[in-house]
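**Student:** Sequences listed follow chains A and B, in order.
Residue 1 is where the first sequence starts when you use the working numbering, and the numbers rise one by one after that.
Residue 1 is where the second sequence starts when you use the working numbering, and the numbers rise one by one after that.
I should point out that these hints are in silico values taken from the structure, not numbers from a laboratory.
Do not rely on the hints blindly, as some may be mistaken.
[Said to hold, decoys possible] Which chain B residues stay away from chain A? Per the calculated CB distances, all over 12 angstroms, these:
1. A25
2. R41
3. R48
4. L68
5. R69
6. T78
7. L81
8. E82
9. K85
10. L89
11. K91
12. E95
13. Q96
14. T101
[Stated by the list, open to error] To give a feel for the contact side, a few chain A residues facing chain B, derived at Cβ under 7 angstroms:
15. A28
16. A31
17. V37
18. A58
19. V63
20. F64
21. A108
22. R110
23. R111
24. L112
25. K126
26. M148
27. F154
28. W169
29. R178
Cβ coordinates follow ideal geometry from the N, Cα and C atoms, glycine included.
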Amino acid sequence: MPSNHEDLNMMMDEQSLIQQVQEGNLEAFGALMDVHVRRLRAVIALNAPAPHLIDEIAHETYVFAFNHIQDFKRGTAFFAWLKSIAWNLLRAEVQRFSREQANQVKYAERRLFEVAPLKPLEAAAKEMDGLEKCLEKVPQKLKQLIEMRYRLSFSTQEIAERVDQSSAWVRTTLCRLRRQLRDCVQDKIAVEKTS
Amino acid sequence: MTDKELIDAFLAGEIDDAGMAQLEAELEKNPELLHELAEERGMDQALRVLMGDGTADQQVTVSVLAVLRSAPEDQFKTDLLEKVKAEDLKKKNEEQALRVTTAVPPPLPGAAGRSASRRPRRSRSRPWGASLREGPWNRPPPPPPSSSRPRRAPRSTAATRRSPPRRT
Chain A
1 MPSNHEDLNM
11 MMDEQSLIQQ
21 VQEGNLEAFG
31 ALMDVHVRRL
41 RAVIALNAPA
51 PHLIDEIAHE
61 TYVFAFNHIQ
71 DFKRGTAFFA
81 WLKSIAWNLL
91 RAEVQRFSRE
101 QANQVKYAER
111 RLFEVAPLKP
121 LEAAAKEMDG
131 LEKCLEKVPQ
141 KLKQLIEMRY
151 RLSFSTQEIA
161 ERVDQSSAWV
171 RTTLCRLRRQ
181 LRDCVQDKIA
191 VEKTS
Chain B
1 MTDKELIDAF
11 LAGEIDDAGM
21 AQLEAELEKN
31 PELLHELAEE
41 RGMDQALRVL
51 MGDGTADQQV
61 TVSVLAVLRS
71 APEDQFKTDL
81 LEKVKAEDLK
91 KKNEEQALRV
101 TTAVPPPLPG
111 AAGRSASRRP
121 RRSRSRPWGA
131 SLREGPWNRP
141 PPPPPSSSRP
151 RRAPRSTAAT
161 RRSPPRRT
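Next comes chain A alone, as it looks inside the complex (with noise of 0.2 angstroms):
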């Protein structure tokens, strides 16, 4: 349920797009696409076991809401309807790249790919909302370093250069952050469940 006035809000709007979709309206699927697709490539984004996948699932995903609209219930969580479609999109796709290109790919990604099908639908969805809230906790100088990786796409010897430090060092620090990320996120999880 919606905690605050906002939510609310937002809800509403969306539950009117989602009535005009199912009227026949295109134009109110791509404002109903515009609201969820960057947490819906996220969640994807989580738990895919290439980063190909994360724009072809999500693409799928919309298509087939798209398509199935009709079967969705208005006054329910629209994405969590999206992460199912998502999640069942994803696990068939594991399934079929085990099946079919193991043999094509290096070592690493067919092994990154026979332990993708490993978390629960829940678990994924509550740690990318774990994660955003972590974020904003991350040191300002560490932040830098994110940003400078993932934002602006510098290399790590550029990102080196930039703090005066060796490439080992970005490479070392960065993996340690998303270790620290992670662990701050199972931590979150933590704590909903007991409360």
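The hints should help you fit chain B onto chain A, whose structure is shown.
**Tutor:** Showing chain B alone in chain A's frame:
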């Protein structure tokens, strides 16, 4: 390189062949590292999406809308093709049925040799050189006449034509 450096280089797409070989050897030895790598990849990809500038988001939206907009047109084409195929099949079936009703029944096995519908033997076509050689000017002499008819003198040769017959 340490495990952390290897993982980061792998995720950033900056790992070289030697590094990849090292990482694979480590993954083979240490199954925990594989799970660590899987978790790291998930976090790395999620950060890339969350911190990105929105271009990729927009691309997904645009591509989905493009597909959905073209869907009715594709459906129309598919329906039309199906309709044409169905009509074609119906026409063929009708033609087949017509052929069956007007067809002559096949001959009995024993009467196969006496069938009236036997095709006449076709003469072989021969090369033009051969037909020239066998033209009327090069045809063999006709067969000898029957005994009841008077015999004709043999045709004169060139030598006999030049010297007239002697008078006696």
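**Student:** None of the hints should be skipped; say for each whether it holds.
**Tutor:** Now the hints, each set against the structure:
1. A25: 10 angstroms, violated
2. R41: Given that some Cβ of chain A is not farther than 12 angstroms from that of R41 of chain B, nearest at about 6 angstroms, it is violated.
3. R48: With a cut-off of 12 angstroms, R48 of chain B comes too close to chain A, as the shortest Cβ separation is near 5 angstroms.
4. L68: 6 angstroms, violated
5. R69: 7 angstroms, violated
6. T78: 15 angstroms, holds
7. L81: L81 of chain B is indeed farther than 12 angstroms from all Cβ atoms of chain A, at 21 angstroms.
8. E82: 19 angstroms, holds
9. K85: 25 angstroms, holds
10. L89: 29 angstroms, holds
11. K91: 34 angstroms, holds
12. E95: 40 angstroms, holds
13. Q96: The assertion about Q96 of chain B holds, with a minimum of 40 angstroms to chain A.
14. T101: Label holds. Min Cβ-Cβ 48 angstroms, cutoff 12 angstroms.
15. A28: With Cβ-Cβ at 11 angstroms, over 7 angstroms, it is violated.
16. A31: With a closest approach of 10 angstroms, the A31 of chain A hint is violated.
17. V37: With a minimum Cβ separation of about 5 angstroms from chain B (threshold 7 angstroms), the hint on V37 of chain A holds.
18. A58: 5 angstroms, holds
19. V63: 6 angstroms, holds
20. F64: At about 10 angstroms, which exceeds the 7 angstroms cut-off, the nearest Cβ of chain B leaves the hint on F64 of chain A violated.
21. A108: 6 angstroms, holds
22. R110: Not OK, violated: R110 of chain A not within 7 angstroms of chain B, min 10 angstroms.
23. R111: Holds, because the Cβ-Cβ distance from R111 of chain A to chain B comes to roughly 5 angstroms (cut-off 7 angstroms).
24. L112: 6 angstroms, holds
25. K126: Violated, because the Cβ-Cβ distance from K126 of chain A to chain B comes to roughly 13 angstroms (cut-off 7 angstroms).
26. M148: At about 10 angstroms, which exceeds the 7 angstroms cut-off, the nearest Cβ of chain B leaves the hint on M148 of chain A violated.
27. F154: 10 angstroms, violated
28. W169: 10 angstroms, violated
29. R178: 5 angstroms, holds
Comparing the model with each earlier hint shows violations of hints 1, 2, 3, 4, 5, 15, 16, 20, 22, 25, 26, 27 and 28; every other hint is respected.
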